[in-house]
Amino acid sequence: MLAIMSARHSLGQNHLLAVLPEQVLERLSPHLELVSMPLGEVLCESSGQLHYVYFPTTAILSLHYVMEDGASAEIAGVGNEGVLGVSLFMGGNTTPCQTTVQTAGYGYRLKARLMMEEFNRTGGRRSGAFNNLLLRYTQALMAQMSQTAVCNRHHSVEQQLCRWLLLTLDRLPSNELTITQELIAGMLGVRREGIMEAAGHLQRAGLISYRRGHITVLDRLGLEKRACECYRVVRNEFHRLLSDVQSRKGI
Amino acid sequence: MPVAYQEPAANSLLVALPRKDYQLLHDCLEPVMLTFGEVLYRPGEPIRHVYFPTDSLVSLLALAEGHQALGVSLVGHEGMLGIPLALGVSDSPVCAMVQGSGMALRMSSAHFQNEFQQNALLQREVHRYTCELMAQLTQSAACNRFHRVEARLARWLLMTRDRVRSNQFHLTQDFLGNMLGVRRVGVTRAAVDLRQRKLISYNRGEISILDGAGLEAAACHCYRIVRGMHVVARA
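Protein chains in written order, with my numbering: chain A, 1 to 251; chain B, 1001 to 1235.
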């Protein structure tokens, strides 16, 4: 992983860092290191320890659960709306998920020790705005997980594909996704043929256009209509998380 | 060091607190009886109380329009209902429904938020339990992608056994349907399968685990993983 300083990147590209109170920003920004996250990089093994927390800006991370037989499925995604390392600051020992980079890009990382110091700074009085934000993000992450469970149980591959495309799109600046159908199949824990079939339907309906390794979303609203309600539930949790902060800041 | 309190059954999250901290909470905690099928909170409704089960058992159910509910976590004496409040959110995206009748210690949201803000040790225990809950949710998400209904039923029965600390308990087919996210016919098939293998007896809603080791072997390995995490966390 390369640590790069560049004028193109800013802390504000991550929604949690964007609303850090002044004093917190002053303390942390010397230690928030811009890093490049290449596709497929494993940031944390299952049951591994995180040495850093990560605030993605343009990268998207995927929390996968890997079964005994090697099959895996995505439990939740983490993009510019969030942070990787909840189990660390919440005092859990390890996470059962493996975390990989699903969409290459950048993010900021912070040493685990510094994250813990900041999180525990307010001690018994939990008045810290940063703390509150991280806790609310934890709730949003848990909502994603429980929604993934019910989606896996009840919803069709096509609905799940729509949900996944929309959540990913929300984390990207454009309507173009660089990803193969094979990788998406791995995310959703279904066979590649199932994704090909579902993507074919969406393409014929004019909602997406697919060429090898790239998906362009042509009709976002159309995708939303085809997605299961899981997309709306998760999106609302993210909106709620931030809107409270924004209203307190007068945004 | 935590003291063993005199309640016949205790909530281990609370027991992990030093005595003085527990005493402070005690005045706000009210013992209540929870009954099978009772809904403690629903998605989108403000959570009014937090609950620390002692010998009751509560399921967290994720809902999907037009489908059975799906059990995503089980909360017994090791945990707490109302985690969203500890995370600064007033309602939950899941439903909390009582699966096993029994007692719990209850506290109003206002009292809880007040106590929680001031008590670093309570925060630590609740945050740690939140990680356990996240591990359960993770397991449920993966389990529902890959595992068959008989294996999931076995897992759910074992998780119930561990929390109610008995091999006999009451579970209607309807409730099981909501746990497993399958319709009645699916529940019946799965239960018959486990019964034919002489792992359980199931008669008019009364379940008896006849062969615990056999049931563990029939369960998907999600059972062992979630149980293992709880053991590690409490060490």
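Just so you know, the hints here were simulated from the structure itself, not pulled from any lab data. Do not rely on the hints blindly, as some may be mistaken.
Unchecked claim - A short, non-exhaustive set of chain B residues, derived as facing chain A with CB atoms under 8 Å:
1. Pro1018
2. Ala1064
3. Val1072
4. Arg1124
5. Ser1140
6. Phe1146
7. Gly1177
8. Ile1225
To be verified - Computed far set for chain A versus chain B, every beta-carbon distance over 12 Å:
9. Gly40
10. Glu68
11. Ser174
12. Gly189
13. Gln203
14. Gly213
For each residue, glycine too, the CB sits at the ideal point set by N, CA and C.
In ascending order, which of the hints set out earlier in this document are inconsistent with the structure? 1, 7, 10, 12
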